[in-house]
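For chain A, the structure is supplied; the task is to place chain B on it using the hints.
Chains as they are written, first to last, in our numbering: chain A, 1 to 272; chain B, 1 to 292.
These are calculated hints, taken from the structure and not from any lab test.
Quick caveat, the model's predicted, so the values are computed rather than measured.
Do not take every clue at face value.
[As the list claims (entries may be wrong)] Facing chain A, from chain B, some residues (calculated, C-beta under 7 Å):
#1 86
#2 104
#3 110
#4 113
#5 114
#6 123
#7 124
#8 150
#9 152
Even for Gly, the Cβ is constructed at its ideal location relative to N, Cα and C.
These are the residues of each chain, in order.
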Amino acid sequence: MSATTSASDIQQHGRAALLSLLSFFKRAATPLLLLVVWEAASRSGVLPDRILAAPSQIFVTLGELVASGEMGRNVLVSLGRVATGLAVSLSIGTALALLAGLSRKGEAAVDSTMQMARTLPFLGLVPLFILWFGIGEFTKIALIAFATTFPMYLTLYSGIRAIDSKLVEAARLFGLSYPQLIVHVILPGALPSFLIGLRYSLGVSWLSLVAVEQINASAGLGYLINNARDFMRTDVIVVCLIVYSLLGLATDLLVRLIEHYALAWRPTFIKD
Amino acid sequence: MSSTLQLDLPGVQARGDSGRAARPATTPVPFVEPTPAAPVQARKLSKRFGANLILDQLNLDIRAGEFVALLGRSGSGKTTLLRALAGLDRISSGTLEVPQARAAVFQEPRLMPWKRAWRNVTLGMKIAQPRERARQALEEVGLAHRENAWPSTLSGGEAQRVALARALVREPQLLLLDEPFAALDALTRIRMHQLILTLWRQHRPSVLLVTHDVDEAVLLADRVLVLDRGRIVSDIAITQPRPRSAERREFQLVRAQLLQLLGVEVEAPAEVLVPPVPKPIATPFNFSNFSI
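The following block holds chain A by itself, in its conformation from the complex (with noise of 0.2 Å):
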């Protein structure tokens, strides 16, 4: 803060914090009256445990879930089909979209088929994945990576091909091989487009985890979820939700500390 700064440049600090302040209760405020309405429901006994179960007991059984491990240890089963598959669908959709970027004729063997595989619903591959590699760890992972490899291709795609050929030409002619060009103008001019591809392939990748632990699971947040369906614990489907939205948030954060850091050239972060 600069050392100009007046008592009045301070008291206009403090009425802009309280106005924002104030705002965000008046936003806050229709959902609050929703989870009191919905409390007070559940204790009279018109909204039954077995449809909802009270946000008390909600909030009770997520800290019995964290306390005992039992969170914790399902949330790790989860994030590391999540992370596997997306380690899958990087390298190849990464791949494929260097192939089709690069070449005329990678392009005309890569690009129409994915056009045309991505417009398959995944979840509609649900149950021949089942046929074809049985009901296992693999069907989850081949579908997580499926389902998350074609935002990724396409958006590295369009970002190669959207890199200024001046710039291409220029490293060329600085003698930079082939293998260079790629990681030192390619890739980077890229990333901006990718990363957006990025973030899309980890909502994605949340939302086929939902489906495939739906497959037989016997552990991760949907094996606790079908737990819990068969014995009624609607508190443990919602603690469960609950977590997968916040592990969807989270990896939205991730993204945007990466394109803080790796777009730290582009003007609208530059800082000063």
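Coordinates of chain B only, in the frame set by chain A:
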């Protein structure tokens, strides 16, 4: 277009294009075999795009350490020639010899936006202590303090100086400049002219400067070539000592001749059109900001 030049001036020599009639000149210089080891030698160089012949059996020599400016109207093939020399385009026929060590500065800086200034300078170089080398190069162009800057934060002139450092750090034998000052403001351009001459004297590369700007060509170059329809129609040596002043009569004469060759009707100063007087005319005003 008639390319015949009558230049009986001290410091200005006209030379005939090969394949054309030799023109009268005070000190004619044979064109085709200047020095045995001219680093750039183009012989009957042609380049066609489809049915269009852009370069037409062009002959060109650039000697070691020589500063050559290439003028021509839009579409005359200037950029095509430069791209051929840079190895960016294949030639259709003829022979072309160029040094392996080449570097270029283009009209736009063409810096990698995702690399800091110093990393742009040593882009793709496999050397020990790249940062040191980059810093030295940036110091030469007066930008040592901007070594960590992102290209998007550099001004046009600064970015162009980084591009210059990137070219010179490779110690090129042939430096290709494709209208590198065209997008700069007038004051920055004057500073860049001085800088390019300083750096040229230090590193002594052969330079080919492609430009639209007749004054720029005459200020900087040892030789000014005029390209028209894919052929070099004029090759004028400029032996005035540097720094040159646009106020001097010799300068204005050459400028008038070049503009004529480029098809610009100029109302030349009277003394340009009359036969030159041997004794130099004293210039009453010295616009020192236009001399470098």
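Of the numbered hints stated earlier in the document, which are not met by this structure?
Hints that this structure does not satisfy do not exist here, as all of them hold.
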